[in-house]
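There are 2 protein chains.
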Amino acid sequence: MIDLVKNLATVNRRTKASVIRELLKLTNKPEVISFAGGLPAPQTFPSERMAEMAQRIVKDNARVALQYGPTEGLPELKSQIVKLLREEEGINTSPANILVTTASQQALDIVGRTFIDPSDPILVELPSYIGGLQVFNSYGAKLIGIQADDDGMIIDELEARLKKLRSDEEHYKFVYIVPDFQNPSGVTLTQERRHQLIRLSEQYNVLLVEDSPYRQIRFEGDAPEMLYKMDTTHNVISLFTFSKTLAPGLRLGFILAHEAIIQKMAILKQSLDLCTSPLSQLMAAEFLKSGVFREHVGTVKQLYKSKKDAMLNALERYMPADKGVSWTKPQGGLFLWVRLPGHMNADELFYEAIKQNVAYVIGSAFHCDGGGQNTMRLNFSYPSEEQIDEGIKRLAGVIKHNLRVKSKVKAAKAGLEIGS
Amino acid sequence: MIDLVKNLATVNRRTKASVIRELLKLTNKPEVISFAGGLPAPQTFPSERMAEMAQRIVKDNARVALQYGPTEGLPELKSQIVKLLREEEGINTSPANILVTTASQQALDIVGRTFIDPSDPILVELPSYIGGLQVFNSYGAKLIGIQADDDGMIIDELEARLKKLRSDEEHYKFVYIVPDFQNPSGVTLTQERRHQLIRLSEQYNVLLVEDSPYRQIRFEGDAPEMLYKMDTTHNVISLFTFSKTLAPGLRLGFILAHEAIIQKMAILKQSLDLCTSPLSQLMAAEFLKSGVFREHVGTVKQLYKSKKDAMLNALERYMPADKGVSWTKPQGGLFLWVRLPGHMNADELFYEAIKQNVAYVIGSAFHCDGGGQNTMRLNFSYPSEEQIDEGIKRLAGVIKHNLRVKSKVKAAKAGLEIGS
Numbered sequence: 001m002i003d004l005v006k007n008l009a010t011v012n013r014r015t016k017a018s019v020i021r022e023l024l025k026l027t028n029k030p031e032v033i034s035f036a037g038g039l040p041a042p043q044t045f046p047s048e049r050m051a052e053m054a055q056r057i058v059k060d061n062a063r064v065a066l067q068y069g070p071t072e073g074l075p076e077l078k079s080q081i082v083k084l085l086r087e088e089e090g091i092n093t094s095p096a097n098i099l100v101t102t103a104s105q106q107a108l109d110i111v112g113r114t115f116i117d118p119s120d121p122i123l124v125e126l127p128s129y130i131g132g133l134q135v136f137n138s139y140g141a142k143l144i145g146i147q148a149d150d151d152g153m154i155i156d157e158l159e160a161r162l163k164k165l166r167s168d169e170e171h172y173k174f175v176y177i178v179p180d181f182q183n184p185s186g187v188t189l190t191q192e193r194r195h196q197l198i199r200l201s202e203q204y205n206v207l208l209v210e211d212s213p214y215r216q217i218r219f220e221g222d223a224p225e226m227l228y229k230m231d232t233t234h235n236v237i238s239l240f241t242f243s244k245t246l247a248p249g250l251r252l253g254f255i256l257a258h259e260a261i262i263q264k265m266a267i268l269k270q271s272l273d274l275c276t277s278p279l280s281q282l283m284a285a286e287f288l289k290s291g292v293f294r295e296h297v298g299t300v301k302q303l304y305k306s307k308k309d310a311m312l313n314a315l316e317r318y319m320p321a322d323k324g325v326s327w328t329k330p331q332g333g334l335f336l337w338v339r340l341p342g343h344m345n346a347d348e349l350f351y352e353a354i355k356q357n358v359a360y361v362i363g364s365a366f367h368c369d370g371g372g373q374n375t376m377r378l379n380f381s382y383p384s385e386e387q388i389d390e391g392i393k394r395l396a397g398v399i400k401h402n403l404r405v406k407s408k409v410k411a412a413k414a415g416l417e418i419g420s
Numbered sequence: 001m002i003d004l005v006k007n008l009a010t011v012n013r014r015t016k017a018s019v020i021r022e023l024l025k026l027t028n029k030p031e032v033i034s035f036a037g038g039l040p041a042p043q044t045f046p047s048e049r050m051a052e053m054a055q056r057i058v059k060d061n062a063r064v065a066l067q068y069g070p071t072e073g074l075p076e077l078k079s080q081i082v083k084l085l086r087e088e089e090g091i092n093t094s095p096a097n098i099l100v101t102t103a104s105q106q107a108l109d110i111v112g113r114t115f116i117d118p119s120d121p122i123l124v125e126l127p128s129y130i131g132g133l134q135v136f137n138s139y140g141a142k143l144i145g146i147q148a149d150d151d152g153m154i155i156d157e158l159e160a161r162l163k164k165l166r167s168d169e170e171h172y173k174f175v176y177i178v179p180d181f182q183n184p185s186g187v188t189l190t191q192e193r194r195h196q197l198i199r200l201s202e203q204y205n206v207l208l209v210e211d212s213p214y215r216q217i218r219f220e221g222d223a224p225e226m227l228y229k230m231d232t233t234h235n236v237i238s239l240f241t242f243s244k245t246l247a248p249g250l251r252l253g254f255i256l257a258h259e260a261i262i263q264k265m266a267i268l269k270q271s272l273d274l275c276t277s278p279l280s281q282l283m284a285a286e287f288l289k290s291g292v293f294r295e296h297v298g299t300v301k302q303l304y305k306s307k308k309d310a311m312l313n314a315l316e317r318y319m320p321a322d323k324g325v326s327w328t329k330p331q332g333g334l335f336l337w338v339r340l341p342g343h344m345n346a347d348e349l350f351y352e353a354i355k356q357n358v359a360y361v362i363g364s365a366f367h368c369d370g371g372g373q374n375t376m377r378l379n380f381s382y383p384s385e386e387q388i389d390e391g392i393k394r395l396a397g398v399i400k401h402n403l404r405v406k407s408k409v410k411a412a413k414a415g416l417e418i419g420s
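Residue numbers (the numbering used here), protein chains in the order written: chain H, 1 to 420; chain E, 1 to 420.
The following block holds chain H by itself, in its conformation from the complex:
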């Protein structure tokens, strides 16, 4: 065989198998309660209706459902998306602003490939969605992390970084942000910070990539506006997916942006996969048109809210909050975020947790700056409420044990110091 290393494109020499993927393999044992996944709960899949719909669409509309479709997406779906955006978000748009994608991972890839040249600065949150980081890295981006707190990205810090980049004459390409129930943190960017962010985008003439896979899964509280809606200078590109609202198996999402950007992206998509499955598109179009979509999202929200509450209750009950362990309280989405005391290391703790048959994703994986060793992401959409209670109990046990060991070591060291 050819020498693979010598023949790979340069960019792939940088690409390693993800650490997460390797860690996730350890969580596959049936005795492990896993908070490590990001999967929607399969009991929410509207499988009866989908089965009936798929059957009817393939039978009655095979010439569309089974044939190649237009790269931009089927008009039947795009018109339903336009309607959805108007009704749900107050966004007035047209089909020409929409590119249907093979779910939002492809949307991220298209964004990366459209804009990033090697070494271009891309601004992301600390922590940020790992699938985004992976794509931007694959195009050689220089990732710049901006701290976030419980109100989302700290926009003052973003401004300072943009100012510095501008004075250094660096060609920053975009700010990547998950404003609603962020993956991994579960945090939502406040309305006030959204205004600040939109102002910055105008001032620094920088694109905002608004990744919105979870926005529709809001359990409680009022939704701030979408960045896309607030923007008046066409500087926002928004990414959506049907993976959390219907089912990931559809592999269906879309990009909303200025027409000139959509046109460029459509040319690109043609060479990526020609078109997204017309069957999936027709199924989603029918869900939207019939109103079953909204009804179904209601079911999903109800279930996830109850699981989220179960996780918050369990954290309250078992976690040593008095020892500096804290967590976010998401108003929607699939994830929450646990912060351990600064001296603890969740990367190392992972192996202890696996021994106790409980798993999470190490928070450092979401940090482009190598930080976040004392954090972890917990998923509440997939496990049952019973598993959530038992799993958090186990995890709290691991953390408490580690705290005890650490304080003994500390005491011993202190003793040594006194003795010496």
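If you are wondering where the hints come from, they were derived from the structure by calculation, not from laboratory data.
Chain E regions said to be covered by chain H (calculated; three or more residues, Cβ under 8 Å):
| hint | stretch |
| --- | --- |
| 1 | 100–109 |
| 2 | 134–143 |
| 3 | 205–213 |
| 4 | 230–238 |
| 5 | 255–262 |
| 6 | 268–279 |
It should be emphasised that the depicted structure is a prediction, and the values quoted were computed from it without experimental measurement. In this text, a Cβ means the ideal position worked out from N, Cα and C, and glycines have one as well.
Fit chain E to the given chain H structure using the hints.
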């Protein structure tokens, strides 16, 4: 909005909307008989069975069909592919050598992205598949065209080019070839040339990318072996699709290669679209398992053979073969190739043809060297036999008219010369 030109990645500044795409828009009028498409005939879609299968799979197996799947592909499908390759091609392989893709356009993109750095020489046929050229161009490849005749790529010419590249110390990455019923030419690489090509691949240690979307659609004659089967040094990567054998709407294909290559590609695919639709995968797996796949491919072959014969008959009847118009006689696939006399220009003729309500794809679009102006690709899978007869009659009329005009101009010029 940001200045799009200044913010696009360099590679996209090279990417223009394809000429073909613009020309194809002209062929969309209902009165035009189009040989310009590349679509499978929709009447071959096994829609009744697919409708029933889709319904049953979603209902009974929603937890797999509607969920995220493994990036490499579902084991259910991979094991059926292994069986298919053994039975149909005598290839002994394992699931670890297979990466399921979102059809073969994604397979091409993965190949390009895995290997190509800007300016890397990639060797392709003259003419070659446009979707491949587009991908390789998008990664900045330096395309080198190798002449082909009715026996496929001329391997002696390939050898001369490889020798030159080696002596120039250029890092050629792979040879891209569609060995069976090539798109666009319909030509099949002979067994003898396959042996020659495999020897070259060893001698020059160069990868062969064998793109095989049409191989299973053979109407007549004996199939030469697949390059993948003949190769003993793991230098062959083969690309397959279910678009022509089942339906393009499934968006389903796969790559067959050495395990080390598949592993690299799987990491890449993770950032492209996470996984290919599990529903499509389960449907294809069931088609293969139940034996309906083979039966269905039989139906497709029968229909396309009859359409191909109709086209050959019409060409025979209407085309001025005595004036230097010739065409290929494919033993399978979806396309054939017409060569006009060297002085004629099929790019210009296209507009005349459209006026006469008949369309083709200009052959120059498939030539990476800017040549092929006297050639055209005709598709026979999509139009009906009646349309084929009428369309070829119209096309022959356009060609004959153009020949008459040219000879009159020539005669007039000759007259002028005599008179002067």
